[in-house]
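Same order as they appear, the protein sequences are chains A and B. Position 5, counted from 1, in the first sequence is what my numbering calls 5; the numbers after and before it change by one each time, with no gaps. Position 67, counted from 1, in the second sequence is what my numbering calls 67; the numbers after and before it change by one each time, with no gaps.
It should be emphasised that the hints constitute simulated quantities derived from the structure, not laboratory data. The structure presented is a predicted model; accordingly, all values stated were derived computationally and were not measured. C-beta: ideal position from N, C-alpha, C; glycine also. Mixed in with the good hints, there may be bad ones.
[Said to hold, decoys possible] Below, a sample of chain B positions facing chain A; criterion: calculated Cβ distance under 10 Å: (1) V4; (2) I9; (3) Y27; (4) F34; (5) L44; (6) K49; (7) A95; (8) D99; (9) A105.
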Amino acid sequence: EAGVAQSPRYKIIEKRQSVAFWCNPISGHATLYWYQQILGQGPKLLIQFQNNGVVDDSQLPKDRFSAERLKGVDSTLKIQPAKLEDSAVYLCASSLAGPLTGEQFFGPGTRLTVL
Amino acid sequence: AQSVTQPDIHITVSEGASLELRCNYSYGATPYLFWYVQSPGQGLQLLLKYFSGDTLVQGIKGFEAEFKRSQSSFNLRKPSVHWSDAAEYFCAVGAPVQDKLSFGAGTTVTVRA
Numbered sequence: 001e002a003g004v005a006q007s008p009r010y011k012i013i014e015k016r017q018s019v020a021f022w023c024n025p026i027s028g029h030a031t032l033y034w035y036q037q038i039l040g041q042g043p044k045l046l047i048q049f050q051n052n053g054v055v056d057d058s059q060l061p062k063d064r065f066s067a068e069r070l071k072g073v074d075s076t077l078k079i080q081p082a083k084l085e086d087s088a089v090y091l092c093a094s095s096l097a098g099p100l101t102g103e104q105f106f107g108p109g110t111r112l113t114v115l
Numbered sequence: 001a002q003s004v005t006q007p008d009i010h011i012t013v014s015e016g017a018s019l020e021l022r023c024n025y026s027y028g029a030t031p032y033l034f035w036y037v038q039s040p041g042q043g044l045q046l047l048l049k050y051f052s053g054d055t056l057v058q059g060i061k062g063f064e065a066e067f068k069r070s071q072s073s074f075n076l077r078k079p080s081v082h083w084s085d086a087a088e089y090f091c092a093v094g095a096p097v098q099d100k101l102s103f104g105a106g107t108t109v110t111v112r113a
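Starting from the given sequences, assemble the full structure and let the hints guide the process.
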């Protein structure tokens, strides 16, 4: 079974530029998550999708971050414009059910450096 | 809101020695508790989870964890570590009503020969 795929693996941009990350979840997984993991901290949920609908985006900085999940499968996370404090690893995960009852499978992450 | 504290930022252990990672949570009711491991360059992998029942939970890779309600703890243990156990370990707590998961800051484990 293929795992969660993410691209790119690494990205370096300058502040005020825009960037987009892509995630392909495990086939059949209805729930998709985007996490931000800042160095020295645990993952923080940015947004959770159930199929192509948003379940929780309470911690998503909506003035600069946006995310969509096309047709309930792939997802993209965009930052525009980027700030220095956005430097982090962005993790995508998917699960059959919700975060507590369905095991989350994580992708390798995209490491973003904002200069 | 639920929260979790991992008091140890970094632990060094000799190969073959035992390992215990501490995790303390804050939640008003019985939480759902998880331990994840993150190897360098890889995503997080679930080691074990506790929902209810037996307070000693067995996981993958020879790990176990014990839920102690009186201490609000969910410590992770392994009797004999292998060099491949070098990784970052995250404890997470879930609030069943909100269906949300919160991660601790993690503990980095270094294994010396």
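Hint-by-hint comparison with the structure:
About 8 Å separates the beta-carbon of V4(B) from the nearest beta-carbon of chain A, less than 10 Å, and the hint is met. The restraint placing I9(B) at the interface with chain A holds, with a minimum CB-CB distance near 8 Å, inside the 10 Å limit. Annotation: Y27(B) was flagged as interfacial toward chain A, and the flag is violated, the nearest CB pair being 12 Å apart, outside 10 Å. Annotation: F34(B) was flagged as interfacial toward chain A, and the flag holds, the nearest CB pair being 9 Å apart, inside 10 Å.
Evaluation of the L44(B) hint against chain A yields a held restraint, the C-beta minimum of about 4 Å falling below 10 Å. Against a cut-off of 10 Å between C-beta atoms, the interface hint on K49(B) holds, since the closest Cβ of chain A lies about 8 Å away. The interface hint given for A95(B) holds, since its Cβ lies 8 Å from the closest Cβ of chain A, which is under the 10 Å cut-off. Look at D99(B): its Cβ gets to within about 5 Å of chain A, closer than 10 Å, so that hint holds up.
For A105(B), the interface hint holds, the least distance from its beta-carbon to any beta-carbon of chain A being 5 Å, beneath 10 Å.
The structure is inconsistent with hint 3 alone, although it conforms to all the rest.
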